[in-house]
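A.B. asks: The residues making up each chain are set out below.
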Amino acid sequence: MTTEKSLARKAVRNPDAFGELFDRYSLKIYRYIYSRVHHRETAEDITSQAFRDAFESIDQYRPIAPFSAWLFTITRRRIADHFRRANPADELPEDLSQGSPEILDGVVQREDLQDLAVQLRTLTEEEREMLRLRFAAQMRYKDIAALLEKSPGAVKMAIYRLLDRLKEKMEKTDD
Amino acid sequence: MTKNKNLDPKLNEQLNKYYDVDPRPGFLPELRHDLQDRYTTRPAMRLKLRPALALAGAMIALVLVLFATPVGDALGQVLVELFQTAEDDVLPYPPAQTAIAEYTMTAALGPTNTPMFTATKTPDVTPTPEPGYLFAANMTVDEAEQVAGFDILVPVDVPEYLAFRGVAYQPEDNITRIYYDLIGRRTNGLSVAQEPVTGMEDCDLCADIGPSADVKEVQIGDVTGQYVAGTWILEDGYQIWKNNHWLKRLIWQTDDTVFELTFFGPPSRMLSKDLVEVAESMVSEIPQPTPSPTATPLGAAETPDPSLKENANLTLEEVEQAAGFDVLAPIYHPELHFYGANFDPNTNIVYLFYEEGMILRQEPTTGLSDCDICAEVRKGATYRDVQVGDVEAQYAFGVWNYVDPEGLPFAVAQPKQLRWQDNNTVYEILYDNDPSDLNIEDLIKIAESYR
Chain X
1 MTTEKSLARK AVRNPDAFGE LFDRYSLKIY RYIYSRVHHR ETAEDITSQA
51 FRDAFESIDQ YRPIAPFSAW LFTITRRRIA DHFRRANPAD ELPEDLSQGS
101 PEILDGVVQR EDLQDLAVQL RTLTEEEREM LRLRFAAQMR YKDIAALLEK
151 SPGAVKMAIY RLLDRLKEKM EKTDD
Chain V
1 MTKNKNLDPK LNEQLNKYYD VDPRPGFLPE LRHDLQDRYT TRPAMRLKLR
51 PALALAGAMI ALVLVLFATP VGDALGQVLV ELFQTAEDDV LPYPPAQTAI
101 AEYTMTAALG PTNTPMFTAT KTPDVTPTPE PGYLFAANMT VDEAEQVAGF
151 DILVPVDVPE YLAFRGVAYQ PEDNITRIYY DLIGRRTNGL SVAQEPVTGM
201 EDCDLCADIG PSADVKEVQI GDVTGQYVAG TWILEDGYQI WKNNHWLKRL
251 IWQTDDTVFE LTFFGPPSRM LSKDLVEVAE SMVSEIPQPT PSPTATPLGA
301 AETPDPSLKE NANLTLEEVE QAAGFDVLAP IYHPELHFYG ANFDPNTNIV
351 YLFYEEGMIL RQEPTTGLSD CDICAEVRKG ATYRDVQVGD VEAQYAFGVW
401 NYVDPEGLPF AVAQPKQLRW QDNNTVYEIL YDNDPSDLNI EDLIKIAESY
451 R
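Protein chains in written order, with this note's numbering: chain X, 1 to 175; chain V, 1 to 451.
It is possible that part of the hints are untrue.
[Claimed, not checked] Mimicking DSSO-like on lysine-lysine, the simulated pairs with C-alpha atoms at most 27 Å apart in a straight line are:
#1 V/K17 / X/K28
#2 V/K445 / X/K169
#3 X/K150 / X/K172
#4 V/K17 / X/K172
#5 V/K309 / V/K445
#6 V/K445 / X/K10
#7 X/K169 / V/K17
#8 X/K10 / X/K28
#9 X/K28 / V/K10
#10 V/K273 / V/K216
#11 X/K172 / V/K10
#12 V/K309 / X/K167
#13 X/K167 / V/K273
#14 X/K150 / X/K28
#15 V/K216 / X/K10
#16 X/K167 / X/K28
[As the list claims (entries may be wrong)] Listed below are several chain V residues computed to face chain X (Cβ distance under 8 Å; list not exhaustive):
#17 Q14
#18 L28
#19 M282
#20 V283
[Unchecked claim] Label-pair restraints from in silico Cβ distances:
#21 X/D45 / V/D37: 38 to 44 Å
#22 V/N313 / X/T173: 37 to 43 Å
#23 V/P334 / X/E168: 35 to 41 Å
#24 V/Q321 / X/T173: 25 to 31 Å
#25 X/V12 / V/G389: 51 to 57 Å
#26 X/T173 / V/D37: 26 to 32 Å
#27 X/E168 / V/P304: 31 to 37 Å
No wet-lab data here; the hints were simulated from the structure. We put the CB at the ideal spot given by N, CA and C, even for glycine.
With the hints as extra help, turn the sequences into a complete structure.
C.D. replies: Put into C-alpha cells, the structure is as follows:
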C-alpha cells in the first residue's frame, strides 16, 4: 500500500527504510527466483543482483505503480539476463523427474507433491508464471496485475480458474 | 449449505508447500548488511550538492516573494483559519432540513497578526442547497482548469483502492473538486478540493467543526495543515458534532490557495498519514506514466458501477457466468423480490439486489488479505457473534446518518449486516430498510437457506 510507496521514497536517503523494504521482500524475491532457476546458489546470486539494482535505482521509482511490481520487474529482468547468458536449458521445466539431484532430493521429502508437479507441467508458461507470482512470490492480486499490466479482477479470476482446472486434473489422476 | 467447488484449501496448501524454500536462505542478513553499508558512500555525493541546492532554492523563493506578491502583504500570504469552530456541538437544524445554518465570520487581527474569527449565528439565512457535485464530477482536470481559470494540483500518490471518477467545479464558491471512488462503494471516496483565496472572508472550504473536535496539526512538506475526524449528524431536528472516523479531513494553505482532502469511508482506510501522503504528492502537471490498473484513466468513459442497484441487470445464471464461480442465493427470502445481479471484476464480488433493500454479496477469497468485503467495517455499530448452520458469523447493527461537507444530509439508514465465511468464500447480507421488518433471526434463516 501507500506505506511502501512512502518507504521507497524515504529509501533514497534512509538505510532503515531500505532495510524495511528488504525485510518485506527479500524472501519473496528469493522464493520466486528459486522457482524459476531451481538452483540455490544461482537464486542467491540473482537475488543479490536484483536488490543491488533496486538500491542503485531506487530514486527512479515513481509511486504510480505498487513498489512490489517495480521490484519484481527488476527481478524478472535479472532472471532473463541469467537465462540469456547461460544455456537456455538452465530453466528447468516443472518436471521434477528430470531435475537436478538437488531437486530430486526435495522430491523424496515431498512425495505428496509429485502429482502436483506433473500437472504443473501441463500448464502454459504464462499460467505457471501466475502461480509462481501468487504462491512463490506471495504477491497480492493487484500487484500481480500491475506487473503483468492486467486488471486485478482478471488476474484473480484467471488464478481461480487455473486452480479449479488444476484441481480437476488432480482429481482425475486420483481416480 | 452447498459447497463451493472452485476453491480447494488442500490445493492451496500444496502449492504453498511446493513453492516454499527449505532451508531458509542464510545469505539474506549478509546481503541486507552489505546494501545498508552502501549508504555510507552514497549520501556523501549528495551532501556536497545540498548546500548549493538549498541556496538556489532560497534565492528562487526570495525572488518569487519579492516580485510575485503584492508589497506589504505580509509575505504575500493571507492566512486563513482552516477549521472554524461552531459555538456548540449541538445546534438546531433548519426545519426544511436542506442545509446547515450559516455563520457570519467577522475577522479581527490578534496581537500576533494571526487572524481570529468569531462565529455569529444568523438563523434567518437558509442558503440554497448545493448540487450533488459528487455526481456531477464529469470533467477532466484540463477541462476543469479551463472552466475555473486556475491551475489544479493533482495527487500522484493515491492508494490503489481509490479510482479516479472526475472533476467538478463549484462556480459560486470557485472551488474545484477531484473525486476518487472507494472501489466497490460508490458513495464512499476521496475529494481533493482546491480554492483560491484572496482574503480571510472568502474561504468556503474552511467549514465549521464542533468545539469538541480533536484538531491535530500535521506537517505537509514545509506547510502546517490541520486534520480532523468527525462530522455533523442529524438527530431529532438537531445537528450534532460527532468525533467519528467515517469522515476525515485534512486542510492546508499554500500561498493564496486553500486545499482540502475529505475522505468518507471505512475508518480503517485513509488514516491521517495516508491523507498527508496524498497531500504531499500533489503536483501541477499530470504525470503520464502507466495509470493504476484499478483506476479509471483521467477523462476516460466511466463503466457502470456494479455496486449500484440500477446497474444490476443480470440474472443469477448470467452473473454466475460473468463471475466464473458458483453463485449461491437463498431459497428463503420472506416477501423480498429479486431485482437483479451484477459482478464487479475489480473486486471479484457478486451483488444480488432485492427490491426491499436487501443486498447479498459474495466474494471468493483465500484469506483476509484479499477479502474486499472484509475491509469494510462500521465504527459505532453493535456487533454480535452468531451461528449460521455450523459456521460462525458476525452480525452488525448500526446507524449511518451524516451531513456531508456541504451540509447536506445523506445515507440516513439503519443497516443490518450479517457476514460469514464458508469454504473460502465470504458472504454478506445487508438489509437496509425498516428495522422492524427483518430481525437477526430472519437474516440467519436467509443465510442458512443459501443453495
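A.B. asks: Would you mind marking each hint as holding or not holding in the structure?
C.D. replies: Structure-based check of all given hints:
Simply put, V/K17 and X/K28 have alpha-carbon atoms about 14 Å apart, close enough for the 27 Å limit, and the pair holds. Using a Cα cut-off of 27 Å, the hinted pair V/K445 and X/K169 is violated, with the two alpha carbons roughly 37 Å apart. Of the supplied pair hints, the one linking X/K150 and X/K172 is violated, its CA atoms being roughly 31 Å apart against a limit of 27 Å. For the suggested pair V/K17 and X/K172, the alpha carbons sit about 21 Å apart, so the restraint of at most 27 Å is met.
For the suggested pair V/K309 and V/K445, the alpha carbons sit about 24 Å apart, so the restraint of at most 27 Å is met. Taking the CA atoms of V/K445 and X/K10, the gap is about 52 Å. The hint is violated against a cut of 27 Å. The suggested pairing of X/K169 with V/K17 holds, with an alpha-carbon distance near 19 Å, which does not exceed 27 Å. At most 27 Å may separate the alpha-carbon atoms for a hinted pair to count; X/K10 and X/K28 meet this at roughly 22 Å.
Between the alpha carbons of X/K28 and V/K10 the distance comes to roughly 22 Å, so the proposed pair stays at or under 27 Å and holds. With a C-alpha separation of about 12 Å, the suggested pair V/K273 and V/K216 falls inside the 27 Å cut-off, and the hint holds. A distance of roughly 16 Å separates the Cα atoms of X/K172 and V/K10; the hinted pair therefore holds under the 27 Å criterion. Our distance criterion of 27 Å between C-alpha atoms is broken by V/K309 and X/K167, whose separation comes to about 35 Å.
The suggested pairing of X/K167 with V/K273 is violated, with an alpha-carbon distance near 43 Å, which exceeds 27 Å. A distance of roughly 21 Å separates the Cα atoms of X/K150 and X/K28; the hinted pair therefore holds under the 27 Å criterion. Of the pairs offered as hints, the one joining V/K216 and X/K10 holds, with about 24 Å between alpha carbons and a cut-off of 27 Å not exceeded. Between X/K167 and X/K28 the CA atoms are separated by roughly 25 Å; this keeps the pair inside 27 Å, and the hint holds.
The beta carbon of V/Q14 is positioned within 8 Å of a beta carbon in chain X (closest approach about 5 Å), and the interface hint is therefore held. With its C-beta approaching chain X no nearer than about 5 Å, V/L28 sits inside the 8 Å limit, and its interface hint holds. Of the supplied interface hints, the one on V/M282 is violated, with its beta-carbon coming no nearer than about 13 Å to a beta-carbon of chain X, more than 8 Å. The criterion of a C-beta within 8 Å of any C-beta in chain X is not met by V/V283, whose closest approach is roughly 11 Å, and the hint is violated.
X/D45 and V/D37 have their C-beta atoms about 19 Å apart, which leaves the hinted 38 to 44 Å range violated. A hinted range of 37 to 43 Å holds for the C-beta pair V/N313 and X/T173, which are about 41 Å apart. Restraint check, V/P334 to X/E168: a C-beta distance of roughly 38 Å satisfies the suggested window 35 to 41 Å. For the pair V/Q321 and X/T173, the beta carbons lie near 28 Å from each other, so the given range of 25 to 31 Å is met.
Checked against the given bound of 51 to 57 Å, the beta carbons of X/V12 and V/G389, roughly 54 Å apart, stay inside it. For the hinted restraint 26 to 32 Å between X/T173 and V/D37, the CB-CB distance of approximately 51 Å leaves it violated. Separation of X/E168 from V/P304 is about 34 Å and conforms to the stated range, judged on CB atoms against 31 to 37 Å.
Checked against the numbered hints listed earlier, the structure breaks hints 2, 3, 6, 12, 13, 19, 20, 21 and 26; every other hint is satisfied.
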